[in-house]
Structure formats: structure tokens, C-alpha cells
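*Asks:* Spelled out, the chains give:
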Amino acid sequence: MSGWLWTLLALAGLAALAFAGRAGARLATGGAPRFRDMGFGEAFGWALAGAAVAGGVWLWLLPGAVYFRWAVTGFALCAVAAFLFRILGRHVGPEPTKRLFRQMPLTAAFGILAILVYAIVAIFAGWIAPHGQEAVLGAANIVPGGDPAMGGNPDFPLGTDRIGRDILSRLIYGAQNTVGLAFATTLLAFVLGGSLGLLAAVVGGWLDQVLSRGVDVLMAIPSLIFALLLLTIASVWAEGARGLLTFYMVLIIAVIDSTRVFRLARAVGIGIVVMDYVEAAKLRGEGMGHLVFREILPNATAPLLAEFGLRFCFVFLTIASLSFLGVGIQPPLADWGTMVRDLAQFINFAAFAPMVALAPLLPALAIAILTVGVNFVVDWMLHRSSGLKS
Amino acid sequence: MSPLLEIRDLRIEGRSDEEWHPIINGVDLTLGRGEVLGLIGESGAGKSTLGLAAMGYVRDGVRVSGGSVVFDGIDLLNASAEEKRSLLGRRIAYVAQSAAASFNPAHKLIDQHVEAPLRHGVAERGESVEDAIELYRKLRLPNPDEIGFRYPHQVSGGQLQRAMTAMAMSCRPDLIIFDEPTTALDVTTQIEVLAAIRDIVQQFGTSAIYITHDLAVVAQMADRIKVLLRGDEVETAPTREMLEAPKEDYTKSLWAVRGYKRPEKPAPAAGAVPILSVENVTAAYGTATVLEHVSFDIHAGRTVAVVGESGSGKSTTARVITGLLPPRAGQVRFDGETLPPGYRQRSKDQLRQVQMIYQMADTALNPRQTVAQIIGRPVRFYRGLKGRRLRARVDELMSQIELDPATFRDRLPGELSGGQKQRVGIARALAAEPKLIICDEVTSALDQLVAEGILKLLARLQDELGLSYMFITHDLATVKAIADEVVVMKEGKVVEHGPKTEMFTPPHHPYTDLLLSSVPEMDPDWLDKLLAERGVEDLGEAATGKM
Amino acid sequence: MGSLLRIILQRLALGLLTLLIVSAVIFGAVNLLPGDFAQAVLGQSATPEAVAAIRTQLGLDQPLLLRYADWLWDAARGDLGVSFAQANFASFTGRVDPSATVAAQIAPRFANTMFLAGVTAVFAVPLAVGLGILAALWRDTPFDKGANIATLSSISSPEFFVAYILILLLAVVNPVFPSLSSIFPGMSFGERLEKTVLPALTLTLVVTAHMMRMTRAAILNLMAQPYIEMARLKGMRPLHVILRHALPNALAPIVNVVALNLAYLVTGVVVVEVVFVYPGIGQLFVDSVKLRDIPVVQACCLIFAAAYILLNLTADILSIVSNPRLRHPK
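These protein sequences, in sequence, are chains Y, X and C.
Residue numbering for the first sequence follows the numbering used here, starting at 1 and increasing by one per position.
Residue numbering for the second sequence follows the numbering used here, starting at 1 and increasing by one per position.
Residue numbering for the third sequence follows the numbering used here, starting at 1 and increasing by one per position.
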């Protein structure tokens, strides 16, 4: 119970600090509107923020807080990289992109940089990776860090896994496999869901009813659960053939995800179909092709593109989760979800060698950075389009 | 005695695209006690922003960058938030444009009414409720004893607007800001609300700022008028003076719009085949019948105005004619031949003959196509022109609608003003070389000056090309300006139809009469005369003419 | 009130119908299995007697529709069949060991999962709704921007990433909580809670981020309504504006957000239970998928889908009930 007491005490202290700070600021500035009209909640927020910063500094100075220092350094490096990238974008390239970069928040710049880096790594994995993804290189369980004194090996800067494959190489190939498969799956889901959704919006009537009700039913099953159910069946189908199972997984996730795309594409499509310019085109006697490709699709690209980003993240996380659960991308293909599961036991060495615990976290981090990046870009796109409307 | 409200050199900026743009550039405003000031201007003139600033309030994304607002000796721009809150609702009140959106759907009207008196300690709940009922009675609301105990969605728009005026009056404020309170209402409803507002303001001697874009309305309500244009003051003068002798060119041009009238055309020859006949049409959405036995003719080269309030079925009639809504019974004949009911069954040539121009130019043009693509598509589609000949035809059409091809052909709709967009819409209709154009409220979303330009353009095109127009509108001023014949609709039926001159000379059908007499005129005494004519009893002791 | 009741009954009927169709989809999907289901399940080395036995046990010799009706009827009575993994089909005798029924396997785990989800919801819902409202009220302040970055990052991270970071920090480097949630019957509530802290915290972080963003969007939408401005222009204090004018109208969207996220929890538990070896229904589900224990997979799927449909239905009905237009018809 003393924990609760301390918490209460800390909150009371913060409240007092907020109150005193606000009073002090009012006195010092002679009642400037900024402080005169400041609510207590806001003052408390500032006090809390101050306390958090102080706590951060204290933690930074603590010798044992290795991970905190790494996290802060990593965060700072990302911010600096994004900042430099944005400066580059503002001065290089054609005028439209320059203008884009000038209005871009740092988060979106980071997102674009991350997507670019991942794309390059994924495409050129074969050239970048020092070893093959399936190559078993002898010594197993080499510790990351490359320091021989700690049990590392400079040839394998991130160490090797339990059957002796180079983790760095597998991480790089993972970009190709995990990202590539997720991208292909999303694309498939979009072709399927997008075209059916727009069709339902334009044609309407019974076709719309049948498709929409079907999608309603499929969406009533949580997608990960449904994917697991179908994968069970697929695993019987693909009996033994691992490549085939991975292929089935792509199909299954694409179909499940296309229901979400269908919903959005249909909603966007219906929003456009009721526009007077579509009515004008209909009354002109235009055919279905002109309506969909000339009148509707060009106006649906912005929301569909944003949705593509979000769907990609979702698919990517689903595939990673399935792989982590052991039913997704099948070995020997290197992929990040499986790597996390395989390397998980390293985490228990964190107390002795902080570097070692990074082995399972790195592939997880690789997943997170890409999805965070894509989400940042999508968030910015949505913000821009909503801002343009008003 | 010092004026109640004094605004000096007020500058307000709004934020868009990460930059601050001026909305109000140094406007002065003085309001005496008991005075009603009319604030008029077109959209984007900054009327509402100025009205809210008079309360010391700015919306999100807007900031005051200079000047002062002094209310009864209190500097509102430098007052503390608490100080301002104690004034709002008690001494300064606000009546918004959309009453339906400005009442909280979760609470009864009366609970929202008594909030301000309770908050400011003006009255107890019991007396405030009694006062509310008294106010409802004064504002001539039906069932004043019960109406307050309903939820907003259970009360009609015109009644809500009066209930909001009552709410603003709840603390007997010194100043009320009316922000376009009747813009969203139908003309016949508008009259009741205008009369109610004017009477109660007079009775309590409240000062008011009345914001509107409608000159005729402001003429009834205000003692003095201030004209704004893009954040600048154009001129200020007492109402009668301003109406009789506007000084500035801009004000004069606003006045002139109301005077536009095209010469009437001779009646069609007897026995001539009409270009379009709507014959006994009945139509329904699902089970709701929206048109019943609608019949009228449109003769070649003439303009038929279809008039009615919202929900009268005038747009549905257009949908039946274009084939978007096949009728349940009756038929549409074009040039003597019966048109198939649905547009899908009509031939390309039948579709070409009838074109539409829409109310909202924003949604009528594909935002991803350039002006040349929009206008060029029907030319290609119907006439098969390509390359240089297509380009020449588009240029010709653009000069017909008075847009310079070199400047505008590659622009997207987003880069055009409202009037320019509407012109492109007209060009797209012309490109099909139709005989009949259906104009669906084409000027109601436009400012008066721009609207006049569009009307003149349509008139010229009619003379040059011999077009027939079906002109759907709720605005009788527009009807007076351009129609040859008028069809009055109400609740899906044609109430009366005939040549314009006949329609504008009594006797009429009672509904036509109501509709016609409800259109505000520029005469400041119009409302008084009308109320006297209709025999509405005046309010209490103070309601004796205008101050 | 008549029309309100009718709408609610309609929704309930629709929910039931959806559940029925979903059960058909789940049942039908399994029947997409190629060839002889019994053979496939048992593998090539199975004896013909065993294959025949399992075929009768599953009623494979009967028409599909009849089997579905049977399965549905049994499921409705709580009989979800026999687990392949637990029952020894090779020496099938016709008598089923009671502990091998799917129901017996699922029951205790279902309770555990409900406990985990409950603990998560108790912390996550007030936290997320509170922070979401604050972010909306303090829009475009450093707090809002920071919260935007933090929640986006949290949403974007796979659950197992969050889970391992928590294990690293709170179980390995600073051993405060156990990293494995070994829960067994007869544990005291306190012990059980302690073992549940890390999985619950992981879920809380992920769900809170979602819920907070959705709450913020709902509140922002609400605060832009003209009646909120009207209340301010009547001189109402900020707290009054929020409590009296925003809150009654915010209830429906917030309830919706909460229900949607609780439905999301349903999926989230699967991965988290595996990471922490938490003996819940999610872990059983994943294990059964790997073992191809079809009856268990079907049953788990049905339970997850039912929970999901139920939560969405609750959100739907609550938002109908809180709509004044429907509560006070003209």
C-alpha cells in the first residue's frame, strides 16, 4: 500500500509545484494573458512534463540504465537523420517535391526515409548481405557485438543463431521476404477489394447488396482468428510443401484483408458517385469504363493510397504475428517474425550482457520502424487532405 | 453617454497552409445603445468573424492581430477569460445561423434556455422558466407553454430560430449578435422569424448587430448599415440614406443587381409544339410519393421558372425529365416524341438534347480534370471531334462563356472562383449543343453580383442560340428577372402556372400569394406594410414603428 | 419507446443471424479439406480401423447439412466435440474420456483469458478515454503532438515487440514481475494478478493507443459542433461545457470506441498469451492450429467470433440508446 501512498504524495507535490509555478509566472510577467488565463490542468501538465524531463536526466546518469541511453540515442539519431533528410529534400529535386518537403513535419520525413531505406535494402539484399540467408556457418549461438572477449566474432557483428546462421544477413534478407510478401499481399487485397468495392458503388442494386452482406459476415470474424483457422486447413492442403503454405498464407490474408479494402473503396466510391459530375457523365450516356476510370478512380486515389499504407501496416503486422506464432512464412526463408521467436531466449542474458538481449529485439524493431514510418506518412497525408477540405 | 460598443482598427488573421492571411483589415465600428446595425457583405467579407470579435471571441485558427474592441468601457481583447465569460450570455448574446446545429441535441430547449440565467445568477430556475414561456409567447411560437419542454429535433427550423432568439434574450442582454439567422429558412418561414426578432429587439431596446448577405432583409431590420468587402469597410450610412443614395461604386452595384430584368418575350404561337411537355407525371421514392400529376410545357426559346420551397418537388421534376427517376405514371415528351422513362434507354441524341447545370459548381465539375477536358468531353463524345478541331471548338465555347481560353483551359476547378466554375458548367452543357437546359438553382450558391453575371450570360446565350431553359429556383427575385413563364409547386403538385406577368398580378392562388408577398423588398417599410396587410397583431407597447 | 425497442430487437436478431452465418462459415471452411478428412488428420500411417472409427465419430458418412445442424445443436448445448490431440483415436473404443472433450479443455482457459482481458480493460479504458479527451482538448499543444507520435508508434509495433521490451525491462534487467505467467487452479487472487501484470500491461499499451486516438478523434469532431460554440458564447465555464454539453453526446462515440477496442483485445490476446505462455484460450488456439486439432480450432474460432460480434452489437445498441433522436421520437 505504500506504493499508492507515494504516488499520491508525488501527485500532490506536482500539484503544489504547478500552482506555485503558475503563480510565480503570473507575478514575474505582470499577469501576461498567457499565464493569467492558464487553467490548472495545463499548469499541472507542464509540472508533470518538467518532472518527466528531470526523471529522464536522472535515468540517463544512472550507470545501469544502458537500454534507456540506447533508446534515447537511437531516438535522437532517427530525429537527426530525418532532419537532414528533410533539408536534403528541400534543396534537391524538382520544385513540387521541394515544396512538399518544406511543408512536411519531421515525423513524415522520418517515415519517407525509413520506407526508402527498407526498399533499398529489400531490393539489393543479395548484394548487401555478407552471407546467404540459409548458409549455416559453423559456430552457433555467437553473441552479438563482435567482441571476442564477450564470446562474439567480428565476422558476425550481430552473432549467429542456434544453428549457426548469420543474424545480420538474415535480418537483411528478412526485409526482402517479410516486406516483399506483405507488399504483394496488400497489392492483391487492393486489386480484389478495391475493384469489387468500386464496382458495388457504381452498379449498386443487388450486386452491392450481395457483396456488402458477404463482407459483413466475413468481417464479423476477427481477422487474425480467421487467418489461423484457414491456415490450419491450408496446412493440411499443402501437406509438407512449405513454399506452398507460404503462398496459401498470402492468399488467405489477401482475401481476409480485401474485405476491409472493399468497405473503404465502396464508401469512397459512393461518396463520388453521388457527385453531380458523375451524374452529368451518366446523363451524357458514358459507359461504365469511362465512369470508373475517368470520373471516379482519379478522385479516389488519395483516400485509397492512404488506406494502402494502413493496410500494408496491418498485413505486415499480421504476417509477422503469424510467423512469430510459427504458422506464417515458413523456413528456410529468413523472416523477422520467426527470428524473434527463435532468438527469444537470448533475452534472459540481458542482465549479464546487454548486447545479447538485442538479438531478438532487432528483428522486432525492424518491423516496428517500418510500420511506424508508414503510419507517420499516412497520418501526414490524411492530415493534409483534411486540411485542404476546410 | 459613450457608445455601447466601439471597435477601432480591428485586424484579424486566419491560418491556412501554415500561413496567416488577413480576414479583417482594420475595421472601425461604433454601436449606440438601442441601435441595430446591419452588417452586409458577400461570402468571405468577414462578417461573421467581425460579429464574433464584437463578443471578444475568435474561432480556432483565427487570431486578432491588432486594434481594440471596447464594450461599455471594458476592453474585451485584454480582458481575462473569466471576465469575458461573465459578460457572454449575460450582457452580450449570440444567435447563430443554424439553430438546428446550435442547440444541443441531448437537452430540452428549456434546459438550454435557463443555463445562462443560472450561470450568471440572473434568475432562479423557476422564474427563468416562466420568463422563457413569456418570451416564447412574445415571439409568437405555437404552444409557448409546452414547446420549451421538447428536444431540438422535435421542433421545426423556423421555431428553433425563434427559440434561440428567446434564449439570447434570457438575461436581457445589452447587445445581441444575429449571425444570418434566417438564411437557412424558406421565404415564408423567414417572414415570421424576421418579424419576431425585430419586435422583441425593439420591445426590450436591445442593441443588435444583424449580419446578413441579403440587402432586403437588412433593410427591414437595421437602423444603420455597414457594407463590408473582403475584410474592408466600404461604407456606413443610416438605412434609408444608404438605400436611396449609396455612395460607393461597390454598394451601387449591389443595389443594381436587384434591378436586373430582361425584356419579356412574346408569347408562343398558338398550337406550336412545345419543346418539352411534362404530362401528368407522378413519381415516388420508395413508398413516398413526391410528385403528383405534374404537367407543364416549355416552348422553344423560352424560360420557364419552376418555383417552390424546399421539398416542393422541383428538383425531382428535373430528375424525371432527365430520366434519373423514371415516373410511376405519366410521361415526358420532347419535341412531340415520348422520351423513354429511364436515361439508360434513351438514345445518345435524346440525351444530348437535354442538358443540366447544377447548383453546386464545386460538385458539378470533376476536380481532377482541366477546364479543357471538362468542356471537351461532350464535344468529343457527341460530335467525335479530335485534335485541333476539338481544341478550336473548346476555345470557341470558352469565349462564349467569357473565359479567356489561354488563361483558363489548363486550370483545374480548384483554381477557379465560384462564378468561373459555374461558367464552365454552362460551357459543358453548351458543348452538347442541346435544345433545352435545366438550370437547378444555378445562382443560389453565388454572391449577388456573380449571380447577376451568370443570369445575364444565360440570357445572352438564349438570345444567340435559341435555347429553352427550365429554371428551378426558390428565389423569386431571380424569377422576376429572367422568367417568361412560371410554374409554382408545393408538396409535389403544381399549384399554379402561366406567363410571368399574369403570375405577378393578382389575383393568385393563395399559396402563390403567400410566396410572392414573402419575398423581402428593398423598401424599409415593407415588413410593416406586409404585417399590417396580413393582420398580424403587433407586439405590446413598444412596438410602434421603427426607431 | 416503441420504435426504439423495435430497432434494438432488430439489431439483436441481426446479430444472432450474423453469428449463425459465421458458424456456418467456420464449419464450412473445415469441410474444404481435401480428400478424406479422417485420413488427413491421422496421417498415412493410421490403421484402417482408426480411420473408420474417427469417421463415425465425426459423422463423416452423413450429408454436410445434417452434420452442420448436429454440430450447431451440440455447440449450443455446450458440447463442442472431442479434441483430436487429447483423444487417442488410434485405439478408439467409442468411449470418450471426459477430460478430452473440447469443452473441458476450453472452460478453465476461457476463464483465464477473461481474467486477462478484464484486468486490461479495467486499466486501459479509463486511461485511454481520459488521455484521449485531454489530447482533444489540448489539441496542437506539445502534449497532443507527443501523444500522437507515441500512440502511432505503439499501434505500429507488433505486440511481441512491446511484450519483449517489457520482459527485458521489468522481468530480466529489473526483476519486478515474472516473465512467465504460470497460472494454475487454486491460486490466490493476488498471485494471479501478479502473474498477469506483464501480459495485461502489454495489451494495455497497445489497446490504449488505439482507443486514445479514436477517443480524440470523436471528441474533436464533437467540439467542432456549433452547439459547443454556442455554450461558450453563453459564457459557460470550460468544465461545464465539457460535462454538460460535450459528454452526453460523447457517450455514444466513446462507448463505440471502447467496444471496438475490446473486440480488438480478442485478437490481441492470442499473440500476448503465446509470448508469456499464459494458459488462455488464445494459446490453446495457436497450439491446436499447429496440431491441426480441428474441433478445438473450430470451437475457439466460434468463441472468438461470438465475443467479437457480441461486443460490436453492444456498441451498436448502446449508441442507439444514447441517441436523443431515437429516445425521444417526434
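Source of the hints: derived by calculation from the structure; they are not laboratory data.
No experiment lies behind these values; they were computed from the predicted model shown.
Mixed in with the good hints, there may be bad ones.
[What the hints assert, rightly or not] Heads up, simulated EDC-like pairs for lysine to aspartate or glutamate below, C-alpha to C-alpha not over 16 Å straight-line: (1) C:K145 - Y:E239; (2) X:K348 - Y:E286; (3) X:K493 - X:E292; (4) X:K480 - X:E441; (5) Y:K282 - X:E441; (6) C:K290 - Y:E239; (7) X:K265 - X:E502.
*Asks:* Run every hint past the structure and note whether it holds.
*Replies:* Here is what the structure says about each hint:
1. C:K145 - Y:E239: violated, 50 Å
2. X:K348 - Y:E286: Measuring from Cα to Cα gives roughly 9 Å; hence the hint holds.
3. X:K493 - X:E292: Given that 16 Å is the threshold and the Cα spacing comes to 5 Å, the pair holds.
4. X:K480 - X:E441: Holds. X:K480 to X:E441 sits at ~14 Å (cutoff 16 Å).
5. Y:K282 - X:E441: The given pair, whose Cα atoms are some 20 Å apart, is violated under the 16 Å limit.
6. C:K290 - Y:E239: Holds. C:K290 to Y:E239 sits at ~13 Å (cutoff 16 Å).
7. X:K265 - X:E502: holds, 14 Å
Violated hints, listed in ascending order, are 1 and 5; each of the other numbered hints is respected by the structure.
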